[in-house]
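S.K.: The primary structure of each chain is shown beneath.
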Amino acid sequence: MVVYRTAQEALTNVLKHAQAQSVRLELSDLEGVLTLEVSDDGRGASAAELAKLQSFGLLGLRERAQGAGGWIDVVTAPGQGLTLILSLPLAGVQVEAQAADWE
Amino acid sequence: MIKVILCDDHAMLRRGVRDTLAEATDVRVIGEADGYANLRELLRQQRPDVLLLDVDLPGRSGLEILSALQLEPAPLRTLMVSMYPEDQYALRCLKAGAMGYLNKGGDPAALLTAVRTVAQGRKYITPEVAELLARHLSAPEAAQLHDILSERELQTLRLIASGKMLAQIAEELMISPKTVSVYRARTLEKLGLSNNAELTVYAIRNQLV
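Here the protein sequences line up with chains A and V, keeping their order. Just so we're aligned, residue -1 is where the first sequence starts under this note's numbering, counting upward by one. Just so we're aligned, residue 581 is where the second sequence starts under this note's numbering, counting upward by one.
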């Protein structure tokens, strides 16, 4: 449900703000984490614009993701499109980002 | 005198190989190992001219060991030995840096020829492997293993291979370190690798960095 709502919201954002030619959705559940990537080739956003976007749907998405144990990344720069990544650990999976598991 | 080390988990097989090699006066088996730990220990003490390495070892496979050994400044001349027919592993072994591939079901005399050829620094290619190579050459541009990576997984691979640390990669890709970890785990899984060193070797071999 979180994934569905996120995809929906992300696509709505693309339609409203991005002026994109195309948008790509990628879904993966390898290695115990479900990832949804929504990438558009639109106008992207500067840091300031991104902050404004937070007040739109993005904040809601973050909260929704966190509620389900996941998190959201937003990758963008002016003129370079915007990618929203939802990561959702599947049942019982702990994601560690430490130097310890790096080697 | 050609010094040889055997690495195979089956003692009987090592015995067979040792006996076959003992028939030649110019070859001497200077050590035997049953796995990676054992082999490491042996290699610390002495350096063979040729390493005979089983593809199918328990724990770290022969292919993994081969890749690890290739990271060293002067890689050992390694001859891969396997019970699998050539078409399954031969090309992968050669790509990973092996000097030759020998089927355990083959002629014992071929073993001696192979050891002598490899000791001279030449590749030992059986007719079966030669045919595979030829077919591989004429095949349309083979799909690369990393074609199955998503764009961001590929970026992660490149950044790891260029020596970046987790935090730097996260910053560069503008994603959280946790997400980088997920992409890294997936990349390892998809490419059948187990750590960053192997990732780096893969990236260099495939000219991704």
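Hints may be right or wrong, so weigh each one.
Claimed, not checked - So the derived label-pair ranges between C-beta atoms look like this:
| hint | chain 1 | residue 1 | chain 2 | residue 2 | range |
| --- | --- | --- | --- | --- | --- |
| 1 | A | 47 | V | 652 | 28 to 34 angstroms |
| 2 | A | 20 | V | 618 | 52 to 58 angstroms |
| 3 | V | 718 | A | 89 | 43 to 49 angstroms |
| 4 | A | 58 | V | 730 | 44 to 50 angstroms |
| 5 | V | 716 | A | 47 | 46 to 52 angstroms |
| 6 | V | 716 | A | 78 | 51 to 57 angstroms |
| 7 | V | 726 | A | 92 | 25 to 31 angstroms |
| 8 | V | 668 | A | 92 | 55 to 61 angstroms |
| 9 | V | 730 | A | 89 | 44 to 50 angstroms |
The set of hints was computed from the structure by calculation and includes no laboratory data. The structure presented is a predicted model; accordingly, all values stated were derived computationally and were not measured. The beta-carbon is built from N, C-alpha and C at its ideal position, and this holds for glycine as well.
S.K.: When the hints from earlier in the document are held up against this structure, which numbers fail?
M.R.: Failing hints, ascending: 1, 4, 6, 8 and 9.
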